[in-house]
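Input sequences plus hints: build the corresponding full structure.
There are 2 protein chains.
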Amino acid sequence: MAQQATASSRIASLILRILTFILLLISLIVLATNTVGSSDDDSKVRFTDFYAYRYMLATIVIGIAYSLLQLVLTIFNIVRGGDGMPFLDFFGDKFISYVLATGAGAGFGLTVDLKRLMDASEVDMLNFDDKAFASASLLLLAFVTTAILSIISAYTLPKRV
Amino acid sequence: MAQQATASSRIASLILRILTFILLLISLIVLATNTVGSSDDDSKVRFTDFYAYRYMLATIVIGIAYSLLQLVLTIFNIVRGGDGMPFLDFFGDKFISYVLATGAGAGFGLTVDLKRLMDASEVDMLNFDDKAFASASLLLLAFVTTAILSIISAYTLPKRV
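These protein sequence lines map, in sequence, to chains A and B.
Residue numbers for the first sequence, in the working numbering: 10 to 170.
Residue numbers for the second sequence, in the working numbering: 10 to 170.
Treat each hint with caution, since some may be false.
Same chains, same label: a pair holds when it works inside one copy or across any pair of copies.
Each computed DSS-like pair below joins lysine-lysine, with the alpha-carbon atoms no more than 27 Å apart [stated by the list, open to error]:
hint, residue 1, residue 2
1, K53, K140
2, K140, K124
3, K124, K53
Hints in this document: simulated from the structure, not taken from any laboratory.
Right, here's the structure in full:
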């Protein structure tokens, strides 16, 4: 029974980790390609012009690196039949989910008001804000999957200690 | 030994909950009193003009309500000598710490870039951005104490199930 619960929680974790990785990757692509205007004049707007989006980028990259590490370790454990590292899972998932939560918060916090200010001043942002919004939404979804992973790893922790 | 560990983790939790409550209360006061300009003209800037600060306010109020509930329950359990509610602690601390993390993220995400935009356009914000920054910093500290509480309640959970 305990063996079965561990096996099913492992499969759930693996699926959630793959999902997190895909969400973060798309979020990264949408954010990084978010540039408006030509490079000839000063009107060009890049995501790097805003600190909040730079922070978002940092959290996404950290999230992708952690997801890749966990995917490699999980596949390694399935092949080798090891017990995994419950402490790495517990603290890693917790820490990364907080990092992604603050990243999504920063992204939305700036984008929502930026959108309103731009609409009010009738500046044409050419979907700059919409793309930022899409990227932040994907980051939020990745945070939710990591938060679920964090609950699973908290439950898996005590059985092994 | 287990009894002792539970007692010390309970005292640590109580201190952290009181600290969280105080931090959130000061953060609320700083944010809610953040108004610049006179009410006669249109130049008045309130924190409610920005969606990110409204969201911050909501997360702070939720955090304060939860802290108060937990403080009452903790004192009730100490007096009555009960076992407490490990599941409420586990999911409550986890959920509230995520709420506070996104609130702090939204607050910083807007404030950092708002400050830069205002400095660049030489608009005098009369410390509006500094007070928002202070409020977000206090919220961030409250998030850290709640994250520590969440680790403690994850460790306390399995002993009782």
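field: Earlier hints that do not hold, by number
entry: As far as the earlier hints go, not one is violated by this structure.
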